[in-house]
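**Q** Residue numbers (this note's numbering), protein chains in the order written: chain U, 27 to 127; chain C, 27 to 127; chain V, 27 to 127; chain E, -8 to 313; chain B, -8 to 313; chain W, -8 to 313.
No wet-lab data here; the hints were simulated from the structure.
Virtual Cβ for every residue (Gly too), placed ideally from N, Cα, C.
Heads up, a few of these hints could be off.
As the list claims (entries may be wrong) - Computed footprint of chain V on chain U; a stretch qualifies when at least three of its residues, placed anywhere within it, have a C-beta under 8 angstroms from a C-beta of chain V:
#, stretch
1, 44 to 58
2, 61 to 74
3, 114 to 124
Claimed, not checked - In the BS3-like style, the derived pairs of lysine-lysine whose C-alpha atoms are separated by at most 25 angstroms in a straight line are:
#, chain 1, residue 1, chain 2, residue 2
4, W, Lys187, E, Lys187
5, V, Lys33, U, Lys103
6, C, Lys45, U, Lys33
7, V, Lys45, V, Lys33
8, U, Lys103, C, Lys103
9, C, Lys45, C, Lys33
10, V, Lys33, C, Lys33
11, V, Lys103, V, Lys45
12, W, Lys187, B, Lys187
13, U, Lys45, U, Lys103
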Amino acid sequence: MQLFARKRIEILIERALLKRLADELDRIGEIPYSVAPLAGGRGRAGRWEADGQVGKAAGMFVLWCIVDAARTDDLLKVLFAIVARQVGLISVSDVQVCGQT
Amino acid sequence: MQLFARKRIEILIERALLKRLADELDRIGEIPYSVAPLAGGRGRAGRWEADGQVGKAAGMFVLWCIVDAARTDDLLKVLFAIVARQVGLISVSDVQVCGQT
Amino acid sequence: MQLFARKRIEILIERALLKRLADELDRIGEIPYSVAPLAGGRGRAGRWEADGQVGKAAGMFVLWCIVDAARTDDLLKVLFAIVARQVGLISVSDVQVCGQT
Amino acid sequence: MLALAVQNLASPSVLFFSMGIGASLGRSDLSVPEAIARFLSLYLLISIGFRGGAEVAHQGLTLALVLTIVAGIVLSAGLPFIAYVMLRGAGLDHVNAAAVAGHYGSISAVTFVAVTGVLTQLALPYDGHMIAVAAVMETPAIFSALLIARSGHQGVKGQFSGDFLREIALNGSIVALLGAFAVGWITGERGMASLKPFLLDAFPGFLCVFLLDMGLIAGRGLRDGWRSLSIAVAGFAWGMPLIGAAFAALFAWLIGLSAGSTAILMTLGASASYIAVPAAMRLALPAANPAIALTLSLGLTFPFNLIVGIPFYIAVAQMVAG
Amino acid sequence: MLALAVQNLASPSVLFFSMGIGASLGRSDLSVPEAIARFLSLYLLISIGFRGGAEVAHQGLTLALVLTIVAGIVLSAGLPFIAYVMLRGAGLDHVNAAAVAGHYGSISAVTFVAVTGVLTQLALPYDGHMIAVAAVMETPAIFSALLIARSGHQGVKGQFSGDFLREIALNGSIVALLGAFAVGWITGERGMASLKPFLLDAFPGFLCVFLLDMGLIAGRGLRDGWRSLSIAVAGFAWGMPLIGAAFAALFAWLIGLSAGSTAILMTLGASASYIAVPAAMRLALPAANPAIALTLSLGLTFPFNLIVGIPFYIAVAQMVAG
Amino acid sequence: MLALAVQNLASPSVLFFSMGIGASLGRSDLSVPEAIARFLSLYLLISIGFRGGAEVAHQGLTLALVLTIVAGIVLSAGLPFIAYVMLRGAGLDHVNAAAVAGHYGSISAVTFVAVTGVLTQLALPYDGHMIAVAAVMETPAIFSALLIARSGHQGVKGQFSGDFLREIALNGSIVALLGAFAVGWITGERGMASLKPFLLDAFPGFLCVFLLDMGLIAGRGLRDGWRSLSIAVAGFAWGMPLIGAAFAALFAWLIGLSAGSTAILMTLGASASYIAVPAAMRLALPAANPAIALTLSLGLTFPFNLIVGIPFYIAVAQMVAG
Ligand SMILES: Nc1ncnc2c1ncn2[C@@H]1O[C@H](COP(=O)(O)O)[C@@H](O)[C@H]1O
Ligand SMILES: Nc1ncnc2c1ncn2[C@@H]1O[C@H](COP(=O)(O)O)[C@@H](O)[C@H]1O
Ligand SMILES: Nc1ncnc2c1ncn2[C@@H]1O[C@H](COP(=O)(O)O)[C@@H](O)[C@H]1O
Ligand code: NA
Ligand code: NA
Ligand code: NA
């Protein structure tokens, strides 16, 4: 199995901002990504739970993209500009992908 | 705390294929795994959202297994055979596990 | 973009234990964390699915915290004490975070 | 017929469907949670199945039912071949044409509900056991699609395994439909008495929410998918229902069905699946692009049947059976 | 009025809300799944909207409606300025005061439902089109809040982009409310007949589950958030509704609304949003702490209106319109 | 009694349960989303609780209720000891025997619903306050199980902390049941009038979907879990209900309950928990394998009670109370 080095960028983001972030990823070159819902957590703003929430203001998601290392820096700048003023944590790690992606 | 080096294999997979993949992991030796639902994403086939979907054709999941490095190569071959023809991205990263697993 | 090295600790944990774990993370110094629901998986105790489950005994979650490497060891001890007797897998990996967190 | 079309157009369920399409095209963030959407489709299948079974308990089994079931199987298995030829003619490639053809042999449960609703409004009687016909028409089309896809193509092979057959036959939506049908049949009027408020009275409401959701999905499909469709392929989505309905009318006339049941068989022939078949096609024909079939069946054929088709099929059925 | 307050207090929906608060404060693990909570709010909006539309189909459009809509817009856009001044006086900082002010210009759909419920119990008639007034009052407050936030502050800028305006206008809850209103208007009595069991008869039940959930959320907010509130700010949550209601009463009197409709306009003026506005504020004023607005509107103002406010507004409305 | 058993067997809810088991054993992919399953259990608890409270508002509190509550507590606390001895005899290890014993002291809300349904069909009156008895029987068994598990075993310790007690007492399902009971009691007939369509009329429908889901879960349990069960342990799942029912019949006779209430107390004694207790056992006895208790209580005891038990308990109750 041939493996290729990539970067995995992961962002914790509020529901309210998710659409903006996705649109931005589209705009800068159709970056592929996946989103999963969070059930709760705690941060500087305290503890929260998804259960029972109704509005678009509540809820968080984790969004991640597996991209070329070369693209990472540009991408991080864009992402950081969106989430900097808001709740949101960006992390980067090393992964290897399988096949020709 | 004693830590042991392992590999974490992560696969993005469609709902329709999930059962097949799980059965295959069973077959080749009861590989442990976890599955989490995705809420949306974008790839070569464009943008999608889980909200509102009814059929078994819609929806994606992320499945991951934390395994011995020695098993990784065999496992990747099996996984790749299943998802190669379909939507699906396989990535591998290094983790350390706690305790005697 | 300036990046800072951190550790990402990830725990697979049963619904019944989640509150205890969160309370413990609170107690030892307001550790930030995020929780996402699992849809299923398999381990030593066999295969399971979240679908259709009603009780608090069913269901698992993945909880992760991104923390300073210096804190990792203490944290792992606490976490391990909680999950050791129960279903639960703890893994640690290297990440870099963006910005001033 | 025009009056009927207008009235149909102004029914709450059609309006909620349009509202969903509109919201989606306008990029509103209105959405139905996935768990709710799945529950609504389960509810609809259980309600339809149970009512069909209760009807059969009331009317009994007849030779007409057996013949209609055979007709349904022939339609479901046969129509994909016609659809495939048309789609190839319209310029679609081999695998995608086979996959889409499978959708058009199978049926849409919500379109079935719509026609029975209009028939009830018109006080035109129909056989309760037509739901059993709808149920048997779900799957044969899947096998025809696979046969078509394999013919002369080495790439698509080995899919008729026992596992795959079991997955198709025990598909959740078919089990729910047939299971509820059996429960309705066994418990009959007694069962219906206790379940009426939930399964019957609340049905139009749940249907509206479901159709709102279908509209949202169809709108998303049209927004993203219309560029990948040629005019000829889009034309197929409106022409194929008429062909399916025509064959169904022929069978109905041969069997001697009532006007109401004829209209239902025609609607079944004319409708295209968007719940059971897409999943099977994803497994069996991964090379096909699922967005094409969804946009055609949910975005074009479904509204066409709702607005133009059903009034037209009923008018024809009254002539055929009259 | 006291009798009414007690009776209101002992209605199932208020009791379920209290049960939710109690369970939350007692740290019970009782919870409503997120998908269900979202569905319940969608259901309530559709039910309220549809019934409003069906009423208008019944009564027709009137000059009074147009005037009341204008009054609603003025209230929604104007009240945030008063709220802002009060909140600054109570010691809240600029951005948080602006965000909270936006919540109090807008309205709460469930409080609207509560007042119509009490009016129905009292056999006090009101105009069905008041739901349209409620719908138009959702958004103007958001723009006022942004205007306030930007005045003299460079940091908060560039938010009146076309995208942002579209996001606000096509907010899912507003689309659901207005869409259902339109469907109700178009289908009128015919539509209502088929949807009554789901949208009308089952409404009190769904409302109770929704309020149980709101109680759970409000309890969580009170548990975690009360420490960040000063007494003066908490006092605002009980004083502001009276001011909003007073202005609404004035407008109602000028327009010459009936006692029932006056009571509704007062309740709309008095209530604070906790579904549509929080999301907009999150986007536009990320520096504001959302917990403050939620604790005030859902934890303090909502129960105040339910228990004390509504009986009082009805009493005043009867005097104003009498 | 046989006629009753057959009729019970052919009730929609039992048939939907069987359909779930069948679908699961046949490995169909039919499933109920988790959020819906959780909502259905919340709905059932609220409906049962509310109706019980409304009944008590109607009938008032009696000495019989107090005595029956005491009997319920004694049964719930006592039966686990008997169950433990039997399970050890059947070869189960210490911790698993203690955990399973806890399930059999507690009660199953759905079995409670089933017996009241049959009683209503038979026009056999029973006391509305029996729901309060069901509620108090939920928890004592948990403490007995812990006592058993700790006796002479150092490993299992320190679980009677205040936190643990609060978690058990404020368990979401108990809060929902008792809270709705209180609301029903306070609002009485007035509350029932407004909530009837949702809580009463729709109940059989929601129950069927819930039982379909329980069948799916039970089928999964039987499929994966039967190999870990010996015949003796499986026999326990059918013998223990009879023992529990016998003790309950004794208490009912001593208190002088009516035939209907006797049948209910017997059913409560005979039924085993699969919602509240499993979670408590997971926390307190992590070494126990949860699949064993679930397979026994949901896969074997629940259908046994539904089909054989309830008709039998009613027949005995009529003799005891006659
Ligand atoms: N270091 C972290 N590790 C994991 N999750 C985090 C971390 N920091 C923040 N989060 C998540 O982000 C949410 C908001 O964080 P905050 O803005 O700090 O309140 C929290 O509730 C967590 O769900
Ligand atoms: N590089 C990637 N990073 C994260 N998610 C991805 C990536 N590629 C694909 N995905 C996910 O997989 C789905 C299908 O991808 P595709 O087959 O390329 O359309 C996408 O919608 C994403 O959810
Ligand atoms: N090595 C692993 N990789 C991924 N998930 C795991 C692993 N081990 C356990 N799990 C998850 O933890 C659950 C319980 O594990 P167990 O206690 O071994 O039955 C499984 O059902 C999986 O969801
Ligand atoms: Na068809
Ligand atoms: Na207001
Ligand atoms: Na018991």
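**Q** Now, for every hint given, state plainly whether the structure supports it.
**A** The hints, checked one at a time:
Here the stretch 44 to 58 of chain U counts 0 residues with a CB under 8 angstroms from a CB of chain V, which misses the bar of 3, and the coverage is violated. For the stretch 61 to 74 of chain U, the proposed coverage by chain V is satisfied: 10 residues have a C-beta within less than 8 angstroms of a C-beta in that chain, meeting the threshold of three. Under the rule that three or more residues need a Cβ within less than 8 angstroms of chain V, the assignment of the stretch 114 to 124 of chain U holds, with 6 such residues. Taken as a hint, the Lys187 (chain W) and Lys187 (chain E) pair is honoured in the structure, with Cα atoms around 14 angstroms apart against an allowance of 25 angstroms.
With a CA separation close to 22 angstroms, the supplied pair Lys33 (chain V) and Lys103 (chain U) stays within the 25 angstroms bound. Using a Cα cut-off of 25 angstroms, the hinted pair Lys45 (chain C) and Lys33 (chain U) is violated, with the two alpha carbons roughly 29 angstroms apart. For the proposed pair Lys45 (chain V) and Lys33 (chain V), the alpha carbon gap of about 23 angstroms is at most 25 angstroms, so the pair holds. Note on Lys103 (chain U) and Lys103 (chain C): the hinted pairing is violated, with a Cα-Cα distance of about 36 angstroms set against a maximum of 25 angstroms.
Between Lys45 (chain C) and Lys33 (chain C) the alpha-carbon distance is near 23 angstroms, which keeps this suggested pair within the 25 angstroms criterion. The straight-line distance between the Cα atoms of Lys33 (chain V) and Lys33 (chain C) is roughly 16 angstroms, inside the 25 angstroms bound, and the hint therefore holds. Taken as a hint, the Lys103 (chain V) and Lys45 (chain V) pair is honoured in the structure, with Cα atoms around 18 angstroms apart against an allowance of 25 angstroms. With a CA separation close to 14 angstroms, the supplied pair Lys187 (chain W) and Lys187 (chain B) stays within the 25 angstroms bound.
Between Lys45 (chain U) and Lys103 (chain U), the direct Cα distance comes to roughly 18 angstroms. Compliance with the 25 angstroms bound is thereby established for this hinted pair.
In the structure shown, a violation is registered for the earlier hints numbered 1, 6, 8, in ascending order.
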